[in-house]
Amino acid sequence: MRSKSICVKPRSLPFKTSAAVFSALGDETRLRLVARLSAGEPLSITQLAFGTNLTRQAVTKHLHVLAHARLVHHRKQGREQLWTFDPQKIQDARRMLDRIGQEWESALSRLKAIVESDDGG
Amino acid sequence: MITSELSKIERSVIVAAPRSRVWRALTNVREFCRWFSAETAHPEGSFQPGVRVRLVSTAETCSGSVFFVEIEEMTPEQIFSWRWHPGTVQPDVDYSNEPMTLVTFLLEDAAAGTKVTVTESGFDRLSLARRAGVFEGNRAGWDHQMNALEKYLREAA
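Which chain is which? The protein sequence lines are A and B, in order. Residues in the first sequence are numbered from 1 upward in steps of one, following my numbering. Residues in the second sequence are numbered from 122 upward in steps of one, following my numbering.
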């Protein structure tokens with residue numbers, strides 16, 4: 001049986017953008033920053049640092065990692081920069097995993113078909 | 122949204138056959154190649170832990186692509202796992218220093234036979250080097266593959 005669907009090649013395409021997302025979210029502090037921003041309200045670095053043990057510098061550093069992965073962006077308002085969460089990249093990463101998951105589903109169904117089509121021989 | 126959800130894939134299927142039969146389909150190289158759509162220069166025998174196996178895809182959309190699996194754990198009729206570089210298809214790129222994902226098959230008894238669960242984990246460890254533009258462009262290639270997959274599943278149904 002020569003079937004058509006497990007193909008490692010197309011995985012490379014979404015990986016290119018998603019690797020940065022996974023990497024950026026692989027840190028608990030950044031994950032918390034994303035969680036706070038994902039509530040929707042744009043926040044300043046001062047607001048994000050408030051109530052945490054993080055310095056403003058540390059928050060800034062983490063935000064830049066997240067911005068590099070395009071998970072957050074900022075705009076200037078008066079003297080402050082306000083940071084906003086952008087869900088698009090997480091959705092892309094989610095979609096990539098869903099697609100790889102579909103490949104695995106397809107592979108498992110071929111495994112099932114092959115195993116069940118014979119009588120153990 | 123938690124990171125583990127974003128860095129791991131898990132799928133399972135119930136197969137109407139004993140674990141011994143499923144184990145053979147997973148670990149006998151010739152049988153593996155049939156359902157995984159791949160071929161190898163040495164299809165004799167079974168996979169062994171610690172062995173690196175060179176495979177060539179026979180899938181329609183990327184026929185001829187070379188990839189490697191490094192067999193990790195083999196607990197007979199229970200656990201079969203390997204590491205690989207997903208998406209390593211550019212012949213002129215050295216992937217050897219990049220993190221791999223871990224693919225694990227878990228076999229469990231089920232009422233109607235065997236439950237096979239596959240997980241692929243470690244996507245969060247993939248390096249930022251992936252972003253270096255190596256795989257620039259060609260979203261259309263992926264869409265083409267997905268269409269082929271959907272067509273296959275329709276025909277198989």
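Careful: at least some of the hints might be erroneous.
[To be verified] Calculated Cβ distances over 10 Å to all of chain A for the following chain B residues: (1) I130; (2) E152; (3) T161; (4) L227; (5) D230; (6) V237; (7) E241.
[As the list claims (entries may be wrong)] Now the stretches of chain A that chain B is said to cover, found in silico as 3 or more residues with beta-carbon under 8 Å: (8) 103-109; (9) 112-118.
What the hints contain is simulated information worked out from the structure, not anything from laboratory work. The beta carbon of each residue, even a glycine, is placed where N, CA and C say it ideally should be.
Open item on the list: If you test the structure against every hint from before, which numbers come out violated?
Closed with: Violated hints (numbers, rising): 1, 2, 6, 7; every other hint is consistent with the structure.
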